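Peer 1: Residues per chain are reported as follows:
2 protein chains.
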Amino acid sequence: MAANTISPSTTFAVSKSTLHSRGCLIPICFPSKSFSTSISMSPVRSCTSQLSMTPPTVVEVDLGNRSYPIYIGAGLLHQPQLLQRHVHGKRVLVVTNERVAPLYLDNTLHALTNCANPNVTVESVILPDGEKFKNMDTLMKVFDKAIESRLDRRCTFVALGGGVIGDMCGYAAASYLRGVNFIQIPTTVMSQVDSSVGGKTGINHPLGKNMIGAFYQPQCVLVDTDTLNTLPDREMVSGLAEVIKYGLIRDADFFEWLEKNIAALLARDPAALAYAIKRSCENKADVVSQDEKESGLRATLNLGHTFGHAIETGFGYGEWLHGEAVAAGTVMAVDMSYRLGWIDYSIVERVNNILIRAKLPTTPPESMTVSMFKSIMAVDKKVADGLLRLILLKGPLGNCVFTGDYDREALDATLRAFSKS
Amino acid sequence: MAANTISPSTTFAVSKSTLHSRGCLIPICFPSKSFSTSISMSPVRSCTSQLSMTPPTVVEVDLGNRSYPIYIGAGLLHQPQLLQRHVHGKRVLVVTNERVAPLYLDNTLHALTNCANPNVTVESVILPDGEKFKNMDTLMKVFDKAIESRLDRRCTFVALGGGVIGDMCGYAAASYLRGVNFIQIPTTVMSQVDSSVGGKTGINHPLGKNMIGAFYQPQCVLVDTDTLNTLPDREMVSGLAEVIKYGLIRDADFFEWLEKNIAALLARDPAALAYAIKRSCENKADVVSQDEKESGLRATLNLGHTFGHAIETGFGYGEWLHGEAVAAGTVMAVDMSYRLGWIDYSIVERVNNILIRAKLPTTPPESMTVSMFKSIMAVDKKVADGLLRLILLKGPLGNCVFTGDYDREALDATLRAFSKS
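Those protein sequence lines, which keep their order, are chains A and B. Quick note, the first sequence lines up with residues 1 to 421 if you use full-length UniProt numbering. Quick note, the second sequence lines up with residues 1 to 421 if you use full-length UniProt numbering.
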């Protein structure tokens, strides 16, 4: 297959004609800095469709013998060969939820069995929807279905849905028969730009978010941007919190692009969304390739998450969406960074401005108290030998640190400023 | 530290003076074939004990950056430095059960905190005892304790007990915060010769044994042979089924040694037990080093286990001990191998004889039916694309195959011969 590699110095432009137009285009400029990205030049065609298929953009996650591609594009669920080349064995279990199943399960079943895969049989399990079901009881339903269906080690699990489905299906795949293959088909901005990439899987415990899980990489991630057409606004906006995060921690050019194009993203301009997803995946893939198991660098992807997880756990799983909690948590991390004297006030203002324009919260729920934050943050995964390490901004825009070496007074002052005592 | 490597061609003799004598010595001969084994020559001393400490025998499991030692010897729980060198971080969680805790928990806590480790704090969780508790509900108790104790990623889990505890603690360690360090302290023959080595961890599902788990290697395995002093006879004998297995699948010399020394093992002669444990660990380590994730060779360690797991699942977890089910399963696998014309009848007789002398069952429980075997074996982890692969003996003693290429009639005939229709 021919491939065209775009060098980091090349201006990258997403061809609008390749994207599903929603008639609400807003002028978009693309920064000149880009990442090395290969684009498949040979269209993959459905054997039952006469539609012209657009080749996907491909971002590679480089992890040696666990490397895998992220396919990004419109209509990818209508390109069966794309998915089928990553299905091993003859048995597939699609894990999805009550909200996504009516929308995309048929398409997915068709993509898995159509054309070249007549001998593949597909089962599916439909879980209840929402963060509050991301627990051991729901996980057991996946195992029950897999065992009842007599799926063996050569089967493939497919996660069809948002971050909760991806995390649970991934952990189920990591654990079923001590590990089977799995594929991510993320259907939300949040999962397309963040949670489906990099192999973090898991479930919540009543006392802490994502406390039980595994690092387990998928065979591929298939991002069909058409699935965002059915995404509720609140979910769409929630995902933008993670997009903005990449700009803040490591990609100032992208943050500036986001400042200019936030209106286009909110208006769901397909070209803007496609670019934001691709650039986010490139950032995530780059970090994960360097530090798969979060010994250091990867932790920086959790900017705002320590405060955010405390909000999710303390306020009740599912009350706020993950991205909403991360947005408020990001404001708190940025506030603390400023109190430490590590960043200019202009960054504090820019972060607040873009989150407000994105209609994301910039303060935690009123019911959160200082002691709730402290007690939940004490079990954060980034605590080491009793010391809470945080991701904080330091220096010019696009720079951060992961450190336990900070003045405890600044943390206390931030908690007091954002929650009642 | 000085080390003495014994080459494969050197006669290996365990010094009886190094072992805890129980006054029931029976003449033991050691075969001339041995494995490369390093023995630490510098005694490790407890800072609170004036007892002369015997250095342990060390068997290495060679898995690149996941390699680890198996320490084997009497009194190793009284050598704190041995354990402490493998504890990372300052927090430890000992996972044990109601039967083992009164016997060895204090010793273990002492070994973890004594001397050089004043800043280490140790928590413990005591689970109910037995295979029927090897499930998700019990596993959650480990997570509950870990989270309530605010254990972080730098903590170490310690499995103190038999195979059930080792499997559950290992899977909990693999999953807690997506993976923390763990140490195995096996206290039964079964766990010392088999389950503690090689990183297979997991729990049972009502429909199948060990269906949920992970491949996850410990930091070290510490086999204190003194812990066998309190082991009930039935448990001791159960472990011998796995010892005999190593001889059958890959070590004819060892099988012959076992035929000569089975009485000494049943009489708990310390030198005989120590040699059988060491030789079993060497065989296991050798196989695991070549095939960690069971893509082929490692499956041969499951001789008799497909039939055996069906007995355990069908008859009820915990009704028969694992080794008892494996013994009956081994007889069935050997019977089938003979029906296929792959082995001489003399092997069938020798297997039956040694198991009978070991007081192990050679037929499944009477309540097992052909259809129970078939339905449970259909979800065995060795099924691939619907085909059940089995470990069967083929050729001279000490040779086996892992294959799905066998006459189905032979399997049916074996099932009919050993269970009612």
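One or more hints might be untrue.
Which copy is meant is left open, so a pair is good if it fits within one copy or across any two.
Derived SDA-like pairs (lysine to any residue); straight-line CA-CA distance at most 25 Å [stated by the list, open to error]:
1. K145 <-> L297
2. K293 <-> G64
3. K374 <-> G296
4. K374 <-> P361
5. K90 <-> G130
6. K420 <-> V401
7. K420 <-> M136
8. K260 <-> P128
9. K293 <-> Q219
10. K293 <-> L63
11. K374 <-> R153
12. K374 <-> V120
13. K260 <-> D129
14. K293 <-> R66
15. K374 <-> M53
16. K293 <-> F215
17. K374 <-> N135
18. K145 <-> A410
19. K90 <-> S346
20. K293 <-> R150
21. K359 <-> M236
22. K420 <-> N399
23. K374 <-> R150
24. K394 <-> G64
25. K359 <-> N229
26. K90 <-> L387
27. K374 <-> Y338
28. K145 <-> S371
29. K293 <-> A263
30. K141 <-> G316
FYI, nobody ran anything at the bench for these hints, they're computed from the structure. No experiment lies behind these values; they were computed from the predicted model shown.
Peer 1: Determine which of the earlier numbered hints do not hold for this structure and return their numbers in increasing order.
Peer 2: Checked against the structure, the hints that fail are numbers 1, 5, 6, 7, 8, 13, 15, 18, 19, 22, 24 and 29, while the rest are satisfied.
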